[in-house]
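**Q** Make the full structure from the sequences, and use the hints.
Residues in the sequence shown are numbered consecutively from 9, following the working numbering.
These are computed hints drawn from the structure, not numbers from a lab.
Among the hints, erroneous ones may be present.
Calculated cross-link-like contacts (lysine-lysine; reagent style DSS-like; alpha-carbon spacing at most 27 Å) [stated by the list, open to error]:
#1 Lys122 to Lys45
#2 Lys50 to Lys156
#3 Lys112 to Lys50
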Amino acid sequence: MAELRAYNQLLKLPLFLGLGREDLSQIISHTPFGFVKYHKGKRIIEENDACDQLYFLLNGSLYTETTADDHSYRFIEELSASDVLQPERLFGLHQRFTKAFISKTEVSLMTLDKCEVMKLSEEFEIFRLNLLNMISAQTQKLSRRPWKQAPHDLTHRIIRFFESHCNRPAGPKTIYIRMIDLAEELNENRLEVSHALNQLDAEGLIELGRGKIVIPALERLLTLNNPGNNVHHYPVGQSVPPMPVHDNKT
9 MAELRAYNQL LKLPLFLGLG REDLSQIISH TPFGFVKYHK GKRIIEENDA
59 CDQLYFLLNG SLYTETTADD HSYRFIEELS ASDVLQPERL FGLHQRFTKA
109 FISKTEVSLM TLDKCEVMKL SEEFEIFRLN LLNMISAQTQ KLSRRPWKQA
159 PHDLTHRIIR FFESHCNRPA GPKTIYIRMI DLAEELNENR LEVSHALNQL
209 DAEGLIELGR GKIVIPALER LLTLNNPGNN VHHYPVGQSV PPMPVHDNKT
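**A** So this is what it looks like as C-alpha cells:
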C-alpha cells in the first residue's frame, strides 16, 4: 500500500513523467526520499538558504516571497501541488534559494538529496531529460525578457515592472512597495505613477492599499500589454499614441 501511494505521487511530479512502472518501482525501492508536513503559516525555506536538495510540493499551497536587494519592495506569489521549488538552484555558481517559501495551507513536501538527483540522472535518461527541460525552459524564458517590445507609456511600464518581477505570468500577486519607491524604479514622477495606478484600480485590475498593491489575476493585467489587441490604454493626462518606427531602406 505504501509503495502504491509513493507510485501515485511520483506520477504527478514533472521530473518523473514518462517513466514506466518498472522504472518507478525501482526508484521507489532504492531511493531515500524524505517526506515532511508543515502547518499553515510556517516559513519553510528562507532566501539565501543553501539548496542541497530538491523540494517537491505534494499537497497544499505555498507562498513565495522575493525581496529586492535593498529591501525596498517584495513580491508574493503562490505555488500549488506538484511544483518543484527552484530546481535550477541545485546547480551552478550560486546554489542558494533566491526566494522564501511559506505554507499558505497545510502542506506535504517530498525531498531528494542532490547526490540522489545525480544518481537518478545517470541511471534514467527520461529523468535527466525532464530535469534539463525544466531548467532550460526557465533559462529560455529569462533570456527573452530583454528583447520584448518596450512599453509605450507609463501604465504599460508599470505592468511590465510587475510582470518582470513575477515567476509566472498568471494568478494572484501581492506587491509590498511604497509609491515613492515604485516611482524611483520607473524613473518617473510619483504623482504620475499614482494617477496610473489609481486608473488601474478603478478598472478593477489591481487593488491599492497603503504600501501594498494586490493583483487579483496578473493575466488580466497583461492583456493590456498584448500587442495583438487593438485597445490602447493610456494613463491619466496622456493621449498621444506611440511614435511609429520608420524603416530606413535604401
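**Q** Is Lys112 close enough to Lys50, meaning Cα to Cα at most 27 Å?
**A** holds (8 Å)
**Q** Taking 27 Å as the top limit, are the C-alpha atoms of Lys122 and Lys45 close enough?
**A** holds (20 Å)
**Q** Check the hint pairing Lys50 with Lys156 against an upper bound of 27 Å on the C-alpha distance.
**A** violated (37 Å)
When the structure is compared with the earlier hints, a violation turns up for hint 2 alone.
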